[in-house]
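Enquirer: Note that UniProt numbering has the sequence shown beginning at 1, numbered continuously upward.
Calculated from the structure, these hints are not laboratory results. Keep in mind that the hints are not guaranteed to be accurate.
[Stated by the list, open to error] Straight-line Cα separation of at most 30 Å, DSS-like style, residue types lysine-lysine; simulated pairs:
1. Lys404 with Lys500
2. Lys500 with Lys342
3. Lys201 with Lys500
4. Lys475 with Lys500
5. Lys201 with Lys342
6. Lys404 with Lys342
7. Lys342 with Lys475
8. Lys475 with Lys404
9. Lys493 with Lys404
[Claimed, not checked] Here are the simulated distance ranges between beta carbons:
10. Pro154 with Ala372: 34 to 42 Å
11. Ser410 with Glu105: 52 to 60 Å
12. Glu460 with Glu237: 40 to 48 Å
13. Gly386 with Pro66: 18 to 26 Å
14. Met457 with Asp150: 52 to 60 Å
15. Pro270 with Met482: 29 to 37 Å
16. Asp392 with Asn413: 19 to 27 Å
17. Asp157 with Asp245: 39 to 47 Å
For glycine and all other residues, C-beta sits at the position ideal for the given N, C-alpha and C.
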Amino acid sequence: MIDIHSLLASLPARIDSRIDSILRTAAARTPNAPALVDAGRTLTYRDLAALVDRRADQLRARGVRPGDRVLLASENCADQIALIFAAAAVGAWIVNVNPRLTAPELDAIRGHASARLAVYTAAVSPEAEAHAARAAASLDDGLMIGPLNDDCTPEQDADVAALLYTTGTTGTPKGVMLSHRSLLFVAAVSSRLRGLTPADKAWGVLPISHVYGLTSVMLGTLSAGACLHLTPRFTPEAMLAAIRDDGLSIVQGVPAMYARLLEHVGDSGPLATRLRFAYAGGSPLDPALKAAVGRLLGVPLHNGYGLSEAAPTVSQTRLDAPRSDTSVGLPIPGVEVRVVDKAGADIVDGTAGELWVRGPNLMRGYYRNPEATAAALRPGGWLNTGDMARQDADGALFIVGRTKELIIRSGFNVYPLEVETVLNAHPGVTQSAVVGRPVADGNEEIVAFVQPDPRRMPSEAELRAWAAGRLAPYKRPARIVMMEALPAAANGKVLKHVLKEQAASL
Numbered sequence: 001m002i003d004i005h006s007l008l009a010s011l012p013a014r015i016d017s018r019i020d021s022i023l024r025t026a027a028a029r030t031p032n033a034p035a036l037v038d039a040g041r042t043l044t045y046r047d048l049a050a051l052v053d054r055r056a057d058q059l060r061a062r063g064v065r066p067g068d069r070v071l072l073a074s075e076n077c078a079d080q081i082a083l084i085f086a087a088a089a090v091g092a093w094i095v096n097v098n099p100r101l102t103a104p105e106l107d108a109i110r111g112h113a114s115a116r117l118a119v120y121t122a123a124v125s126p127e128a129e130a131h132a133a134r135a136a137a138s139l140d141d142g143l144m145i146g147p148l149n150d151d152c153t154p155e156q157d158a159d160v161a162a163l164l165y166t167t168g169t170t171g172t173p174k175g176v177m178l179s180h181r182s183l184l185f186v187a188a189v190s191s192r193l194r195g196l197t198p199a200d201k202a203w204g205v206l207p208i209s210h211v212y213g214l215t216s217v218m219l220g221t222l223s224a225g226a227c228l229h230l231t232p233r234f235t236p237e238a239m240l241a242a243i244r245d246d247g248l249s250i251v252q253g254v255p256a257m258y259a260r261l262l263e264h265v266g267d268s269g270p271l272a273t274r275l276r277f278a279y280a281g282g283s284p285l286d287p288a289l290k291a292a293v294g295r296l297l298g299v300p301l302h303n304g305y306g307l308s309e310a311a312p313t314v315s316q317t318r319l320d321a322p323r324s325d326t327s328v329g330l331p332i333p334g335v336e337v338r339v340v341d342k343a344g345a346d347i348v349d350g351t352a353g354e355l356w357v358r359g360p361n362l363m364r365g366y367y368r369n370p371e372a373t374a375a376a377l378r379p380g381g382w383l384n385t386g387d388m389a390r391q392d393a394d395g396a397l398f399i400v401g402r403t404k405e406l407i408i409r410s411g412f413n414v415y416p417l418e419v420e421t422v423l424n425a426h427p428g429v430t431q432s433a434v435v436g437r438p439v440a441d442g443n444e445e446i447v448a449f450v451q452p453d454p455r456r457m458p459s460e461a462e463l464r465a466w467a468a469g470r471l472a473p474y475k476r477p478a479r480i481v482m483m484e485a486l487p488a489a490a491n492g493k494v495l496k497h498v499l500k501e502q503a504a505s506l
């Protein structure tokens, strides 16, 4: 069992250095240990440190100054990691974006951030190459680099390490300012909770352009001196090969990835693996999928909860105490949580309320958006997550749904997550997403979008009967829409605002 108090005491009293200190420490301690495996090439910690120095010199030569924002459009690769550390070494803010964003989406982020420089890893991403060509970028030491933005004014906040724009699953993306301290804190705690050692091999498929891949996967792995096996894009075939053939000990993903793996493997039975830990985050994990993945991998599938504004980890299930329910576990050491009512008063009877969190992992605010910052960051250092949750007597958290996604059906409150959990438990459903559709007199009806398992396609009537046996009448979908694949961001999150638009046109 993990001693929480000992873990907290073992962390540095002050976590106030830059994130590149993770690499510097590992390179000094074990310079010849493998840090990254990228496209069949292994980089030691000494190799990675040398690459970071080269990229930092390149940024300085291009005119990047402390406080500047550097936009990086990249898939997972060694250069991406080196540039993140290089920006920190220069004192600049890294603005990670996934190149699979559309041109208007990427341009909006670059404009809002007023990036001093835009860098594209075109060699590993055709989308990055297309963005680079559109921006008239030039080739420089293997990177495509855009023209210098002379209108960029350096920011004075030297503690900000990363400016990460939310994926916009429900609305317009906002720039989340994450400090070196917040990232170092989550990297250290998540590494300790997973018991990572230099002998571990972790799978790096979650986009490092997103906070989950950046902090928990990349920074957490390297802070332990372990090896990260980089993969630029997810396929179930690649996931199977990595687990089966690369000797991985750690695998992290979103629930949709595990569902796709189950589809691909079929009924072939448990895999022979060296895994000691498997984790799912980023979206709700239903118990049926959790159990099936645990049987396949031979280790429990752990669950957790976080958000970009918390860098991202708030809670996770304990390694020594796996759960079979929908709980997202206990708050991580050093992070406090409250479940409150609409007036901000604590709810102590286990019923659902708004989840507020506080700790060294929280963002500095939303960049150039004081109104949104004031709405999210509350007096006393609390962050209003915008999620609804309940907390058991043992402290375990259960996420009920997003505040903004609440559906009012015939005067009753319906949380989409509850309906999705029921639908996802059907053996013929890979994943589902539920949204509200306005109807007459201010009422809403429930629309369920379902991605079926192609091996056992359920009929609409079958799904309706399944829901009828498990949901109250007011919670049952009025419409069920089958889709070959649900629209999703690069990090696997379903884009519900897209589905709401589709539901409105039904």
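Enquirer: Give a verdict on every hint.
Expert: Going through the hints against the structure:
Restraint check for Lys404 and Lys500: satisfied, since their Cα atoms lie roughly 12 Å apart, inside the 30 Å limit. A C-alpha spacing of about 25 Å is found between Lys500 and Lys342, which places the hinted pair at or below 30 Å, so the restraint holds. Simply put, Lys201 and Lys500 have alpha-carbon atoms about 40 Å apart, too far for the 30 Å limit, and the pair is violated. For the suggested pair Lys475 and Lys500, the alpha carbons sit about 17 Å apart, so the restraint of at most 30 Å is met.
With a C-alpha separation of about 45 Å, the suggested pairing of Lys201 with Lys342 is violated against the 30 Å cut-off. Simply put, Lys404 and Lys342 have alpha-carbon atoms about 13 Å apart, close enough for the 30 Å limit, and the pair holds. With a C-alpha separation of about 23 Å, the suggested pair Lys342 and Lys475 falls inside the 30 Å cut-off, and the hint holds. For the hint pairing Lys475 with Lys404, the CA-to-CA distance comes to about 17 Å; that is within 30 Å, so the pair holds.
Annotation: proposed proximity of Lys493 to Lys404 holds, straight-line Cα distance about 16 Å (limit 30 Å). Look at Pro154 against Ala372: about 23 Å separates their beta carbons, and that is not inside 34 to 42 Å. Taken as a hint, the range 52 to 60 Å is violated for the pair Ser410 and Glu105, whose Cβ atoms sit roughly 37 Å apart. The hinted window of 40 to 48 Å between Glu460 and Glu237 is violated, with their beta carbons roughly 31 Å apart.
Between Gly386 and Pro66 the Cβ separation comes to about 33 Å, which falls outside the hinted range of 18 to 26 Å. A C-beta distance of roughly 57 Å is found between Met457 and Asp150, which places it inside the suggested range of 52 to 60 Å. Checked against the hint of 29 to 37 Å, the C-beta distance between Pro270 and Met482 comes to roughly 31 Å, which is consistent with it. Here the CB-CB span from Asp392 to Asn413 is close to 20 Å, well matched to the stated 19 to 27 Å.
Range check, Asp157 to Asp245: about 45 Å between beta-carbon atoms, so the 39 to 47 Å window is met.
In this structure, the earlier hints numbered 3, 5, 10, 11, 12 and 13 are contradicted, and the remaining ones agree with it.
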